[in-house]
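Work out the full structure, taking the sequences as your base and the hints as a guide.
So the sequence shown is numbered by the numbering used here: it starts at 1 and just counts up by one.
Hints are computed from structural coordinates only; laboratory data are not their basis. Wrong hints could be hidden among the right ones.
[Said to hold, decoys possible] Distance condition first, Cα-Cα at most 25 Å in a straight line; then the derived DMTMM-like pairs of lysine to aspartate or glutamate:
{"no.": "1", "residue 1": "K326", "residue 2": "E343"}
{"no.": "2", "residue 1": "K209", "residue 2": "E353"}
{"no.": "3", "residue 1": "K372", "residue 2": "E268"}
{"no.": "4", "residue 1": "K372", "residue 2": "E76"}
{"no.": "5", "residue 1": "K132", "residue 2": "E214"}
{"no.": "6", "residue 1": "K209", "residue 2": "D120"}
{"no.": "7", "residue 1": "K270", "residue 2": "D120"}
{"no.": "8", "residue 1": "K88", "residue 2": "E76"}
[Unchecked claim] Beta-carbon label-pair distances, calculated as ranges:
{"no.": "9", "residue 1": "A30", "residue 2": "P255", "range": "25 to 35 Å"}
{"no.": "10", "residue 1": "E324", "residue 2": "E74", "range": "40 to 50 Å"}
{"no.": "11", "residue 1": "E74", "residue 2": "N260", "range": "43 to 53 Å"}
{"no.": "12", "residue 1": "P171", "residue 2": "E63", "range": "38 to 48 Å"}
{"no.": "13", "residue 1": "W31", "residue 2": "P255", "range": "44 to 54 Å"}
{"no.": "14", "residue 1": "P129", "residue 2": "E40", "range": "11 to 21 Å"}
{"no.": "15", "residue 1": "S112", "residue 2": "E223", "range": "33 to 43 Å"}
Every residue gets a Cβ at the ideal spot worked out from N, C-alpha and C, and that includes glycine.
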Amino acid sequence: MNRIYLIIATILLLVIAQPRVARAAEIKPAWQLDWDKTLEAAKKEGKIVAGVPASAELRKSLEENFIKRFPGIEIEVTTARGPTNASKIAAEHAAGVRYYDVLISGSLTPLSLLNAGILDAIEPLFILPEVKDAKRWYGGHVWSDTAKRFLYSFQAYQSENLWYNTQLMKPEEFRSFDDLLNPKWQGKIGILDPRSAGGGTSTWAFLYKTKGEEFLKKLAGQELFLTREQRLLGESLAKGRFAMTIGLTYYTLAPFIKANQPIKPLPEPKEGSYTSSGSGALSVVRNSTHPNATKVFINWLLSKEGQELYGKAMGQATRRLDVETKWLAEFGTRASKDFLSVEENQKRENSSEEVLTQLWPKAIKLANELLK
Numbered sequence: 001m002n003r004i005y006l007i008i009a010t011i012l013l014l015v016i017a018q019p020r021v022a023r024a025a026e027i028k029p030a031w032q033l034d035w036d037k038t039l040e041a042a043k044k045e046g047k048i049v050a051g052v053p054a055s056a057e058l059r060k061s062l063e064e065n066f067i068k069r070f071p072g073i074e075i076e077v078t079t080a081r082g083p084t085n086a087s088k089i090a091a092e093h094a095a096g097v098r099y100y101d102v103l104i105s106g107s108l109t110p111l112s113l114l115n116a117g118i119l120d121a122i123e124p125l126f127i128l129p130e131v132k133d134a135k136r137w138y139g140g141h142v143w144s145d146t147a148k149r150f151l152y153s154f155q156a157y158q159s160e161n162l163w164y165n166t167q168l169m170k171p172e173e174f175r176s177f178d179d180l181l182n183p184k185w186q187g188k189i190g191i192l193d194p195r196s197a198g199g200g201t202s203t204w205a206f207l208y209k210t211k212g213e214e215f216l217k218k219l220a221g222q223e224l225f226l227t228r229e230q231r232l233l234g235e236s237l238a239k240g241r242f243a244m245t246i247g248l249t250y251y252t253l254a255p256f257i258k259a260n261q262p263i264k265p266l267p268e269p270k271e272g273s274y275t276s277s278g279s280g281a282l283s284v285v286r287n288s289t290h291p292n293a294t295k296v297f298i299n300w301l302l303s304k305e306g307q308e309l310y311g312k313a314m315g316q317a318t319r320r321l322d323v324e325t326k327w328l329a330e331f332g333t334r335a336s337k338d339f340l341s342v343e344e345n346q347k348r349e350n351s352s353e354e355v356l357t358q359l360w361p362k363a364i365k366l367a368n369e370l371l372k
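As structure tokens, then:
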């Protein structure tokens, strides 16, 4: 009889425990189940191939930290200028080859890939709540492309791009872009050539937007010194060949600044300065070889950890609200989230598809006409 009672009691315990086991399985949220499944599939693929900006520090940071975070998933990083990586992706795609999975670059670079139908939508790849939640990001989720699907912009910041020689100029002599037209500065302004991609083009396009054609015609009459050589322009400023330069950033001038040369950034003009996404445009190659590893990489890159590492390696500012960026001010960079409203940043942005395809061509065409 006792044995029968024991059997019945055991059965009852199993019946009672079964819902608890089922509930324990149900406690795991849907995103976690999706993430676990994706990780397992990514390890079977074993690899992710990413084209990134030409930075040895960024390459080292990505390789060391990604493999540490996700053992079993190799990351192959190709560092090169954006157009170089994009050209390889386009050529391979035309040949039916699928080697690259992800491209990180400036927002102008992937537009050719987008127009060729080579890119895939990004938001469906978001899995982690900290990535999917728009409230974690300054301005919510921001896209560089007009379709708001293919080019995810994870950075927004302003760089010092107007510098002066303290022995030749006083900061109070510059309060507005109009001060660039002062006859005193004729032949004393160096500019990174706006006819080729770079900081010179960005600044010239912003001047076109804010001041108009007539202003740029007058500026061109200031006998500007044009060059595509950033080092030459920086050295000329340090030696007093120019009173000011347009288009250079801190990283070009850092060696001269550290050597105590008389170089400082000009105060922000009353018209403001443009903001950029820098090398923070993320795109995904359609029908890539490693779709699950791609998902893992993207979710890690856009996580707090990934954005901290990327920002430190590149000296550029993320839009993530939980990542500290004020330290970048020491290096001539201010995160938009630290000093601008979302609306003001939108007015100043200089890297969306609309700006790059409609405003920039007009500005560059004018530069070709005015600058010889």
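Hints and how they fare:
Proximity of K326 to E343 is assessed by CA-CA distance (about 20 Å); at most 25 Å being required, the pair is judged to hold. The suggested pairing of K209 with E353 holds, with an alpha-carbon distance near 15 Å, which does not exceed 25 Å. Distance check on the hinted pair: K372 and E268 sit about 28 Å apart at the alpha-carbon level, beyond 25 Å; violated. In summary, the hint linking K372 to E76 is not supported, as the alpha carbons are separated by about 43 Å, beyond the 25 Å threshold.
Proximity of K132 to E214 is assessed by CA-CA distance (about 45 Å); at most 25 Å being required, the pair is judged violated. Between K209 and D120 the alpha-carbon distance is near 31 Å, which puts this suggested pair outside the 25 Å criterion. Our distance criterion of 25 Å between C-alpha atoms is broken by K270 and D120, whose separation comes to about 40 Å. For a cut-off of 25 Å, the pair hint linking K88 to E76 stands: about 15 Å separates their Cα positions.
Against the hinted window of 25 to 35 Å, the Cβ-Cβ separation of A30 and P255 comes to about 52 Å, which falls outside the hint. A beta carbon spacing of about 30 Å between E324 and E74 contradicts the range 40 to 50 Å that was offered as a hint. About 45 Å separates the C-beta atoms of E74 and N260, a value consistent with the hinted range of 43 to 53 Å. The hinted window of 38 to 48 Å between P171 and E63 holds, with their beta carbons roughly 42 Å apart.
At about 47 Å, the CB distance of W31 to P255 agrees with the hint of 44 to 54 Å. The given range of 11 to 21 Å is respected by P129 and E40, whose C-beta atoms sit roughly 20 Å from each other. For the pair S112 and E223, the beta carbons lie near 35 Å from each other, so the given range of 33 to 43 Å is met.
Against the hints set out earlier in the document, violations occur for numbers 3, 4, 5, 6, 7, 9, 10.
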